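S.K.: The listed protein sequences derive, respectively, from chains C and P.
Going by the working numbering, the first residue of the first sequence is number 1, and it counts up by one from there.
Going by the working numbering, the first residue of the second sequence is number 1, and it counts up by one from there.
It should be emphasised that the hints constitute simulated quantities derived from the structure, not laboratory data.
Given the structure is predicted, the values throughout are model-derived calculations rather than measurements.
Note that CB positions come from ideal geometry on N, CA and C, so glycine has one too.
Be a bit skeptical, because a hint or two may be false.
Said to hold, decoys possible - Calculated pairs, DSBU-like style, for lysine-lysine (alpha carbon to alpha carbon, straight line, at most 30 Å): (1) C:K110 with P:K286; (2) P:K344 with C:K110; (3) P:K442 with C:K17; (4) P:K201 with C:K110; (5) C:K223 with P:K442.
Said to hold, decoys possible - Partner residues are not named here, just some residues of chain P that face chain C (Cβ under 10 Å, in silico): (6) S55; (7) H56; (8) L75; (9) D76; (10) E348; (11) Q361; (12) T422; (13) R457; (14) T461; (15) L467; (16) T468.
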Amino acid sequence: MYRLRFVPDKTSIPFMKGRIMGLAVSAILSFLSVILFFHPGLNYGLDFKGGILIEARTTTPIDFAQLRSALGGLGFGEVGLQQFGSPQDVLVRLEEQPGGDPAQQAAANKIRQAIIGKYPGTEIRRAEAVGATVSGELFRNGMTAMGLALIAMLAYIAFRFDWPFGVGAVATLVLDVTKMIGFFVITDIQFNLTAIAAILTVMGFSINDKVVVYDRVRENLRKYKTMPLRQLIDLSINETLNRTVNTSVTTFLATMPLAIFAHGPIQDFAFVLLFGIVIATSSSIFIAAPILLFLGERRLRPGLSAAQARGDGAKGEGEPKKPAVSTS
Amino acid sequence: MIHFAPWKIAVTVIACLLGLIYAAPNLVSEQAASRIPSWLPHKQLVLGLDLQGGSHLLLEVDTGAVLKERVNSLLDGVRTSLRKDRTVQYTGLAMEGDTVVVRVTDPAKLEQVRKQIREDEPDTEISGDGQLLRIGFRAAEVEAKRRAAIEQSIEIVRRRIDEMGTREPIIQRQGDNRILVQVPGLSDPQRLKDILGKTAKLTFRFVDEETSVEDAKQGRLPPSSELLKYEERGSTAGAEIVVRRRIMVSGENLTDARASFDEHSRPAVSFKFDSVGGRRFGDATKDNVGKLFAIVLDNRVISAPRIQSAILGGSGIITGSFTTQQAQDLALLLRAGALPAPLKIIEERSVGPELGADSIQAGVYSCLVGFILVVIYMVAAYGLFGLFANIALILNLVLIIAIMSVMEATLTLPGIAGILLTLGMAVDANVLVNERIREETKNGRSPLVAIDVGYTRAWATILDSNLTTIIKMVLLYAFGSGAVKGFAVTITIGILTSMFTAILVVRMIMVAWIKRRRLKLLPV
Numbered sequence: 001m002y003r004l005r006f007v008p009d010k011t012s013i014p015f016m017k018g019r020i021m022g023l024a025v026s027a028i029l030s031f032l033s034v035i036l037f038f039h040p041g042l043n044y045g046l047d048f049k050g051g052i053l054i055e056a057r058t059t060t061p062i063d064f065a066q067l068r069s070a071l072g073g074l075g076f077g078e079v080g081l082q083q084f085g086s087p088q089d090v091l092v093r094l095e096e097q098p099g100g101d102p103a104q105q106a107a108a109n110k111i112r113q114a115i116i117g118k119y120p121g122t123e124i125r126r127a128e129a130v131g132a133t134v135s136g137e138l139f140r141n142g143m144t145a146m147g148l149a150l151i152a153m154l155a156y157i158a159f160r161f162d163w164p165f166g167v168g169a170v171a172t173l174v175l176d177v178t179k180m181i182g183f184f185v186i187t188d189i190q191f192n193l194t195a196i197a198a199i200l201t202v203m204g205f206s207i208n209d210k211v212v213v214y215d216r217v218r219e220n221l222r223k224y225k226t227m228p229l230r231q232l233i234d235l236s237i238n239e240t241l242n243r244t245v246n247t248s249v250t251t252f253l254a255t256m257p258l259a260i261f262a263h264g265p266i267q268d269f270a271f272v273l274l275f276g277i278v279i280a281t282s283s284s285i286f287i288a289a290p291i292l293l294f295l296g297e298r299r300l301r302p303g304l305s306a307a308q309a310r311g312d313g314a315k316g317e318g319e320p321k322k323p324a325v326s327t328s
Numbered sequence: 001m002i003h004f005a006p007w008k009i010a011v012t013v014i015a016c017l018l019g020l021i022y023a024a025p026n027l028v029s030e031q032a033a034s035r036i037p038s039w040l041p042h043k044q045l046v047l048g049l050d051l052q053g054g055s056h057l058l059l060e061v062d063t064g065a066v067l068k069e070r071v072n073s074l075l076d077g078v079r080t081s082l083r084k085d086r087t088v089q090y091t092g093l094a095m096e097g098d099t100v101v102v103r104v105t106d107p108a109k110l111e112q113v114r115k116q117i118r119e120d121e122p123d124t125e126i127s128g129d130g131q132l133l134r135i136g137f138r139a140a141e142v143e144a145k146r147r148a149a150i151e152q153s154i155e156i157v158r159r160r161i162d163e164m165g166t167r168e169p170i171i172q173r174q175g176d177n178r179i180l181v182q183v184p185g186l187s188d189p190q191r192l193k194d195i196l197g198k199t200a201k202l203t204f205r206f207v208d209e210e211t212s213v214e215d216a217k218q219g220r221l222p223p224s225s226e227l228l229k230y231e232e233r234g235s236t237a238g239a240e241i242v243v244r245r246r247i248m249v250s251g252e253n254l255t256d257a258r259a260s261f262d263e264h265s266r267p268a269v270s271f272k273f274d275s276v277g278g279r280r281f282g283d284a285t286k287d288n289v290g291k292l293f294a295i296v297l298d299n300r301v302i303s304a305p306r307i308q309s310a311i312l313g314g315s316g317i318i319t320g321s322f323t324t325q326q327a328q329d330l331a332l333l334l335r336a337g338a339l340p341a342p343l344k345i346i347e348e349r350s351v352g353p354e355l356g357a358d359s360i361q362a363g364v365y366s367c368l369v370g371f372i373l374v375v376i377y378m379v380a381a382y383g384l385f386g387l388f389a390n391i392a393l394i395l396n397l398v399l400i401i402a403i404m405s406v407m408e409a410t411l412t413l414p415g416i417a418g419i420l421l422t423l424g425m426a427v428d429a430n431v432l433v434n435e436r437i438r439e440e441t442k443n444g445r446s447p448l449v450a451i452d453v454g455y456t457r458a459w460a461t462i463l464d465s466n467l468t469t470i471i472k473m474v475l476l477y478a479f480g481s482g483a484v485k486g487f488a489v490t491i492t493i494g495i496l497t498s499m500f501t502a503i504l505v506v507r508m509i510m511v512a513w514i515k516r517r518r519l520k521l522l523p524v
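Between the sequences and the hints, there should be enough to build the whole structure, so can you do that?
M.R.: What follows is the structure, encoded as structure tokens:
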């Protein structure tokens with residue numbers, strides 16, 4: 001039977017040769033993302049910033065300029081109008097209104113009535129109004145969830161593995177997450193609760209990948225007692241490459257239809273996931289493993305000095321050595 | 001673990017069958033499912049508001065208003081206590097924050113005053129600085145009142161929504177002073193918001209005919225009267241009227257209220273008092289024939305008729321400037337009762353039924369296409385073992401639906417994304433195992449040993465990676481809100497079922513297949 005294999009069975013790609021390059025590129029991307037985070041900054045959605053959102057479908061095509069001036073004349077500050085899908089679909093966004101929660105409701109009502117007044121028979125498909133109290137809480141909760149997730153991951157990995165693994169995994173996660181933040185800024189996708197869910201999911205996916213590679217490293221550490229760490233990490237990545245690629249492809253394939261068929265927030269969510277899958281997969285190989293190499297040389301291979309390990313690794317590149325003793 | 005104990009096989013098969021049975025009601029329409037006898041599995045997936053349309057409102061009980069009102073009546077109470085002994089002189093009786101302050105002129109009377117207040121207002125605490133007395137409610141008392149107000153608010157909200165005749169609303173207390181209201185299938189959330197936004201405090205009082213509105217505006221208002229907005233039919237916009245503070249009968253004494261019509265066939269609300277209310281109303285009207293009385297709703301006078309004769313029957317009719325809908329809503333509000341405190345809408349998320357239907361369609365298409373893509377890929381990448389993994393995948397989907405139906409967990413649009421994502425990730429366990437088996441076979445192991453070793457080796461990894469994901473989803477569930485929680489739920493359930501299907505079901509299929517074919521080497 002014909003088998004589809006993106007990766008040949010016996011690979012021995014010297015990934016660690018590109019460790020400096022990988023780390024450097026990742027660090028630069030993450031650094032740029034941090035700059036983007038501060039300027040121009042995230043496009044915070046309703047959940048975190050408060051405000052009003054109304055999605056309407058009219059019976060006749062909308063004259064956007066006219067609707068804009070009509071709604072702008074109501075005195076609610078800047079009114080964001082966005083067409084999406086058909087020319088009969090409009091998304092109206094309003095900043096949070098001064099005057100607390102009742103003011104939100106009043107403004108949402110006026111906007112609703114104004115649209116229906118201009119376009120009789122309009123269907124209000126979605127209406128959301130979030131006040132400052134709630135948006136503040138949602139933001140705090142979202143950030144708490146992200147922070148706790150990072151700490152929990154560090155604790156879990158450190159408990160199950162040695163500390164260099166834990167630090168490696170969490171450092172990679174931080175790099176992953178910053179890049180995703182950069183993605184949000186560049187694409188101008190709204191940053192709201194679903195965004196947090198997407199980031200947490202990618203964190204989960206990313207950690208899975210790291211666990212698989214690290215598991216193999218740990219196993220190989222026991223199996224090949226004398227192999228230099230660098231070579232051993234290369235071997236482990238190569239051995240798990242097939243599963244890394246296959247899992248990423250299936251997850252990518254499963255998420256893709258959502259990016260095509262869904263609309264609105266859930267479509268953005270799917271796009272973020274697709275981007276995250278790519279980031280997470282590449283970071284397992286190019287970030288998590290090199291960090292482990294830098295942190296773990298002394299500790300995981302106490303018998304070999306760092307200098308010796310580097311020297312051996314350089315010479316012994318290519319085909320990994322056959323196991324001296326099989327542990328199974 | 002090549003040989004499975006018979007009970008293990010039995011449990012696995014039964015679990016899968018149960019999954020199929022409990023997922024089955026989702027195949028038929030809602031009406032058909034409601035006809036399934038209750039001893040059979042009949043529960044269907046509960047769709048979230050984003051899928052079936054509806055309104056999500058987060059309301060906040062203004063408990064400060066309750067306390068303020070209480071302190072206000074305490075002020076009256078203290079005044080009454082002070083006046084019991086005519087020889088007591090005092091100045092500066094007023095509200096100050098949550099307390100009532102008063103300065104007793106004669107220090108010798110201080111102890112007597114304290115004693116009198118303690119007797120009349122047992123829930124209070126009196127602190128003082130010389131002749132200045134500060135009277136406030138005990139902290140425990142304030143807390144109890146606050147709690148009672150919230151509990152009562154939830155009850156009233158429930159009654160009002162039930163009266164609206166919506167199906168399966170969710171009304172829950174959330175946090176300290178909030179109420180979550182979710183009403184599915186509502187096309188116009190405006191009426192819901194109007195009905196919940198009204199306190200609906202109804203009182204019957206006398207109009208103060210001795211004080212003119214002009215006098216009141218210039219500050220010549222006796223303390224026993226107040227100036228209120230007057231909104232009766234025919235009254236000019238912004239009209240006001242002076243009304244006595246003393247309440248003749250209040251809405252609490254109503255037993256029923258219905259929308260009806262007055263003698264000019266204008267929309268009106270007819271009501272019935274309970275026996276206490278009827279007697280009080282009867283007595284008051286008997287002694288005051290010819291005078292005006294006011295019907296006050298939420299501090300607005302909606303009607304101020306002249307008493308033609310004593311109203312003894314314990315029932316009456318309110319004519320105001322209502323539309324039919326407004327009359328119906330007022331009747332509803334009066335039947336359900338007044339809120340102890342005003343409610344504020346602090347979060348609203350409404351989705352129209354049409355958008356919900358579109359979302360369901362998008363979700364179903366995505367699931368189908370995603371599923372097919374993954375299934376094809378698995379067969380392409382792993383051949384027969386990919387096929388086994390696909391059986392697990394289908395089972396996985398069935399089990400997620402079954403568990404969600406039984407648990408009555410809500411399926412949201414992010415929840416559908418979660419299912420898709422688990423389908424992609426669930427394959428991971430199979431991929432891990434299959435890759436291990438391949439390796440072991442390449443190392444020259446026999447099929448059964450390769451499978452055994454493959455599973456043992458992969459298990460630790462599968463457990464590690466799934467546990468980390470579950471930790472995150474628990475966090476997301478704890479800190480997330482609304483539809484995002486649905487995402488955490490489906491992923492968590494999906495991970496658990498995928499571990500079951502990948503580790504037990506697929507392995508049993510593989511072992512059964514190898515034994516049957518008596519394979520010497522796996523064709524990997």
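S.K.: Confirm or reject each hint.
M.R.: Results for each hint:
Only pairs whose Cα atoms come within 30 Å are accepted, and C:K110 paired with P:K286 is rejected, the gap being roughly 47 Å. Distance restraint check for P:K344 and C:K110: the Cα-Cα separation of roughly 18 Å lies within the 30 Å cut-off, and the hinted pair is therefore satisfied. Straight-line distance between C-alpha atoms of P:K442 and C:K17 comes to about 28 Å, which keeps the hinted pair within the 30 Å bound. For the hint linking P:K201 to C:K110, the alpha-carbon distance of about 27 Å falls within 30 Å, and the restraint holds.
Only pairs whose Cα atoms come within 30 Å are accepted, and C:K223 paired with P:K442 is accepted, the gap being roughly 17 Å. With its C-beta approaching chain C no nearer than about 9 Å, P:S55 sits inside the 10 Å limit, and its interface hint holds. Using the Cβ-Cβ criterion of 10 Å, the hint placing P:H56 at the interface with chain C is satisfied: the shortest such distance is roughly 9 Å. With a cut of 10 Å, the hint placing P:L75 at the interface with chain C is violated, because the nearest CB-to-CB distance is about 27 Å.
Against a cut-off of 10 Å between C-beta atoms, the interface hint on P:D76 is violated, since the closest Cβ of chain C lies about 29 Å away. Annotation: interface hint on P:E348 holds; nearest CB of chain C at approximately 4 Å, less than 10 Å. A distance limit of 10 Å between C-beta atoms decides the matter here; for P:Q361 the minimum to chain C is near 8 Å, and the interface restraint holds. Given the 10 Å rule on beta carbons, the hint for P:T422 holds: about 8 Å separates it from the nearest Cβ of chain C.
Below 10 Å, beta-carbon pairs count as interface contacts, and P:R457 has one with chain C at about 8 Å; its hint therefore holds. For P:T461, the suggested interface contact is upheld, since its CB lies about 5 Å from the closest CB of chain C, less than 10 Å. At about 7 Å, the closest approach between the beta carbon of P:L467 and any beta carbon in chain C falls short of 10 Å, and the interface hint on this residue holds. The restraint placing P:T468 at the interface with chain C holds, with a minimum CB-CB distance near 5 Å, inside the 10 Å limit.
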